[in-house]
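*Asks:* Spelled out, the chains give:
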Amino acid sequence: MATTVHEPPKVTRDGPRPPSSSGGGRGSSSSPGSSLRVEDSSPASRTGVWVGLAAITMTFAAFTSAMIIRQGSSYDWQHFTLPPVLYFDTAVLLASSVTLELARKRVGAFLHGSQTQRSSGSTFLWLTLVLGLVFVGGQYAAWLQLRSEGLYLATNPSSSFFYLFTALHALHILGGLAGLTLVLWRFSKPRPTLQVSTLSTVSYYWHFMDVLWVYLLLLLWARI
Amino acid sequence: MHNMSEPVVHQHTAPTGFIRKYVFSLDHKVIGEQYYGLALVAVYIGLVLSWVMRIHLAWPNAAIPGLQLLSKTGAPGGVLTPEYYLQLMTMHGTIMVFFVLTTAPFAGFGNYFLPIQVGAEDMPFPHLNMMSFWVTFVAFCVAISAFFVPQGPPLSGWTAYAPLSALGQVAGPGQGTGQVLWAVSIALFCVGQLLGSLNFISTTLDMRCKGMSLMRLPLSTWAWFITSCIGLTAFAVLMPACILLILDHVAGTSFFIASNLVVNDQLQPHAGGSTLLWQHLFWFFGHPEVYIAIVPAMGVVSHVLITNMRRPLLSSRVIIYSMVSIAFLSYMVYGHHMFVSGMNPFSSLAFSFPTLAITIPATIIVLIWIGSLYGSKLRINSASLFALGFVSMFVSGGISGFFLAQPSIDILLHATYFVVGHFHLVMAVAALFGIFAGTYFWFPKVTGRMMNETLGRIHFWVTFVGAYCIFMPFHYLGMAGNVRRYQAFVDDFMAPLMPVHKFITIAALITGAAQIVFLYNLIHSRFWGKTAPLNPWEATSLEWSTPSSPPPFDNFGGKLPVVYHDPYQYGIEGATNDFVMQTDPAQINSPRDEK
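Protein chains in written order, with numbering that gives the first Met the number 0: chain A, 0 to 223; chain B, 0 to 594.
Rather than coming from a laboratory, the hints here were simulated on the basis of the structure.
Think of the CB as a built atom: it goes at the ideal place given N, C-alpha and C, for glycine as much as any other residue.
Among the clues, some could well be false.
Label pairs and their calculated CB-CB ranges [said to hold, decoys possible]:
{"hint": "1", "chain 1": "B", "residue 1": "Asn263", "chain 2": "A", "residue 2": "Tyr214", "range": "39 to 47 angstroms"}
{"hint": "2", "chain 1": "B", "residue 1": "Asn259", "chain 2": "A", "residue 2": "Tyr86", "range": "37 to 45 angstroms"}
{"hint": "3", "chain 1": "B", "residue 1": "Leu266", "chain 2": "A", "residue 2": "His78", "range": "23 to 31 angstroms"}
Pulled out of the complex, with its shape left as it was, chain B reads as follows (with noise of 0.2 angstroms):
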């Protein structure tokens, strides 16, 4: 670390007992583990759920050991029953959105490192940073309980569309105690995320050391901070919704369920109620999303790629912009979710239009990364093999949205597996490759010690084999009219498809037991990886800077740093190595600092 530094008081002394420094902390790198460690449980949880459904799908008959332990009623001896297959797919949505693609990129990475990367010794508001992951973890509980309610989970999807899920019990099993549990869960996560976001858009625009500008700012943290402003109009209009949801279930209000609904031969007791109402609300919540999942990974792998490319991007400042579009547009296309739902046809019209021209911007975002690359001597490591299977996997899964956008096609296409396919690879599998992406990358830094390279490569290309091998069949059998959310195809006209279900599943059974190469690698190298060097990748940004890693309490280690240069001065002659770090005070003759 560079000298040229400032004295910093920290806003609270250092914890020391077990408690304070490990479960209720104030640290923000603290909070950043644990947020990393409850998507750690909960995307395994998703993943086994997900192994479940395809291992029904491909064999509908087959009994799965130890599955009747889950529920005796949801899957007798073993067997799913249709209701409970629906139960798993809502628990799985619901796990694998929020707790693990809302969760790793944005508060688990963005609280661990942005506060380092603008050069601040914490968060400015510690304490609702603390309840912000607290009040998440309970989220999960409250949403994983409903597992071991009578009649389990809900079955109305991650998107809960009423009326199905504000009618109660009456409406099939996991409806009534399971379907307010969720409501709970995902207003309470609302909460979480809100406090959270505050904390990283006060840091961001307060907390920059010295010399740090807007445009000296890493492209992760950009990417953060975008996210923390999507999150916060987001989640503040989901949290009514749940609210909403909420009292329809429990005090007899009718804001989501129409007029003489009769379920199940019973007449229900609400009148007058919108169901669209609801698709607009969580909509409006529901695409932002997918760049809440989205943004940060892009900001990670611009980072990553810039760092094993040995020079910047073609232009950061128009990676900025884009990601600054595309969270704009992202409140005007929501609509393109519901083009069958009812809504009025020249709403359509008006989603399709913003639909469309928000590809511009993201593929912006991937010629730059393309062209960037192009030329460029890589380092190939485990950080930027899947920082390169983001760019693939976020090319591919977005070329669907394409058609997508376009309601005369969306309307043939919108319920089959051509969808599933579409937004598992541009938003799950390619935030997934994000996340993987920034482990392998600042692993060194979080534990000090470094990942084995060799299971890392093994990871990588079993992943990325193995995911296209999964989601792309899934939009060749939406062309071929394999509807979604169906929990067998034998009896009927997608009976010819089951072949390619059956190949589906091996697929994924081969890609997620890679899953658990990268987690004994994660939890082997914690303890007994290589010592990491200060600097492994040879980096610039400020993370790099820090006295130790993993960095101390107060990060810089009673100092402040003092930044001179944007953090990609890459391929610099007469520096050491090809780098100056950000705190160097060099002066560089450069056409490329863009401040």
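Same shape as in the complex, but just chain A (with noise of 0.2 angstroms):
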């Protein structure tokens, strides 16, 4: 029984037909021959860090269900007071956020030419820097106030939780720190190798760190 319902397709060879307007991919928009630099990353290190804070939330995702689940599972979830610092780390998390969008305003101005940013910029970069590390060291401080009251990791559900959540957190907000670091090394040469697509990307990290926390803290203020 036959099977081919249609003609077969054939070939013409008359000439290029250009590729579909549709098509995809690096270069649809560029004019023949054009060159494709190492600068065109940009968009897949937006795709890249997306995909990543995807991940991340998938993570964070699973371990709240499993405080929803490990608290429902038993009567022995012992509820505490969160130590007050953590409402200071927030507020420092936050001004962090705004001081890092103020930075890359100006090193995105430095970058395409605009001389008088680079000091400004340096100097909110540097800020954002030590606003993080405040914040590792508040919720360190968090840690010492909860050892002070008894309350360790395998104490309680409900503090291995606020251990779990918050130290992973922390671990993420290291990254990000590195990350910032890397941004000011590459800045701060005589002549900058930074990449405003790098320091995008450290943003949209930080920035999504930032909502995290929110999060988070409103999740341990529910549960815990």
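Using the supplied hints, reconstruct the complex from the two chains, each of which is provided in its own coordinate frame.
*Replies:* Here's what the structure looks like:
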């Protein structure tokens, strides 16, 4: 039984047909022969950071779901008051996002030719870095307070989850601080090698950590 | 290669030293080969473990020469103890699922060919890519190290059900250090795969060359892309589960251990944990993992079949949509692994429905393959044979899934060999057939040499017949009530089934031996095989447009290709031979162009 219902397609060679206008990828909008350079990696960086943030979201969603199930599975959940320093930390972290945005605008302007913005950009970057370190220090102070109250990692499931969430978030913040350090190092060179896409990537990550912390604080406040 | 291309500046320069070129390489092709090599080592370890288990099941008192060297207490005189049988079973499952079925078809082939098939010179984050492999390698070493700690590897199975997996040494041999090593290994593995998935997604979305619209991507690339989306979310959930498990072991927390648990006459110092919590977290990863193994194989098999049929599938677009549907539904079905776990029966019903629903896109894919094959003049070679074998295994293993999707039937069959037969056929053997099809198909591109066709066909037929001889009787054993995870069946109601077990063991030994033929073919052809032409299969996709085999460091020799067609322009009248490459600017009056 024949299965071909169409005539076989034919090929003609009377000149190249341009790639589809909907054809994707790099260069779909560029003129033929234009070179693709390293700087074009910006879209990939943006995609990469969003994909990474999606994975981090899933990880914290899994921990959240574990917390809710664990709390409901037994009557041993002990509530305790969150260390007040956490609210100070929250303000510090929110402030760091503001300073980072201020830094990003100035650094971006400098990289696009405005020489006057360099020192203020650098200052705001340093300020963000310091605020990030203050946040981590504040989290450490919160752990010390819990320890002084006799609440350790294994004392109760509520304290287990408190340490787990805050420690994992602090680890992610340390990752962000490493990124900020890289940005500062590249920006501080006599001839800066920093790319706008790198700063944008670090900024997305940092702001996300900010939002994540607000979510975690609300979760811990509501559950613990 | 056609001259319609664009110059490119590579992200990083070509490495010169041995270490940067072959060990800590940034080149996606080398990383792909490293993943494949790791899977190759892992699969033969897993194979030997299965041989040992099968010999023990058929002849429980038989001494296996040399086995006592692995563990004096676990195999005194070469005879497995019941506990050591379970420990080997755990490691067999762990090695095969994580380090073979995930590593080879997804990370191995994907790393090598995804960037080339989208027309990129590399992945956007080569350092993360390198880290992805080496983290996976460390994960493998940590897993294997469990063999060499006191009491050996864990015995809780590759699913590591709590509370057995969380209690520590008191629960049995290997449940202390061995189980912690297992959890650390899997957590590391998750990190490696997350880094890999990030690269795959970014490459597919942002590194495509000019003209390469999403619908012009080959089905294999689509499969790797979809798999990386599944992996991104699935491994991100397994990692927290492993962290909680490790904390239960080393920090004295009680996430998974319930109150008042007495184990080996000892009251456990834990309280209030949820044993079901582990299962929820694990299977939220575990079921998508099935698709992480099988979807890349679906893509590879589609690619191989189309090339050898010399005509496109009835609809590549529907295959893509079906794979996306499978990925979406894969998160809603995980509870079907927990029908007998004490979960609320209403939850079972809720999970049963999407489990049955997910068979619809899978069936659509199979029907498209079969409908497309019907009447085609398939070129028979090792690659196309294994692709056909994949379809056969996937259908045979999938049919039993219809039964297991229903709680009322699954409750009877869940703890039997029926389930073992089901998942080995549909996930393990089918995915392995996909790996073999990909290996025979892409070997000429990777090495510049052809594999031996005669040995390939011997490998196929022995493996094909052998796999059915091993795994179809498993279904029969299951229906006869043969429980799984037992180390011997000689003294109870299952004793009459022993002849079937002996038959299976003999089949497993022969089928395993055929894999040595494959290994010989792989190694011999790598160095002494016939030199391969640039495009031996007369295929159209971009990996066959590279200027050499293996492709140069930047894949396309300092240029980026420009794409004019979808990748399956076969059976074209007026074309040289019967196909038009994706890079060929020739105009096609084509009802087959699916862009």
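*Asks:* Each hint should be assessed against the structure and marked as holding or not.
*Replies:* Quick rundown of the hints versus the structure:
1. At about 42 angstroms, the CB distance of asparagine 263 (chain B) to tyrosine 214 (chain A) agrees with the hint of 39 to 47 angstroms.
2. With their beta carbons about 39 angstroms apart, asparagine 259 (chain B) and tyrosine 86 (chain A) fall inside the hinted range of 37 to 45 angstroms.
3. A beta carbon spacing of about 27 angstroms between leucine 266 (chain B) and histidine 78 (chain A) agrees with the range 23 to 31 angstroms that was offered as a hint.
When each numbered hint is compared with the structure, no violation occurs for any of them.
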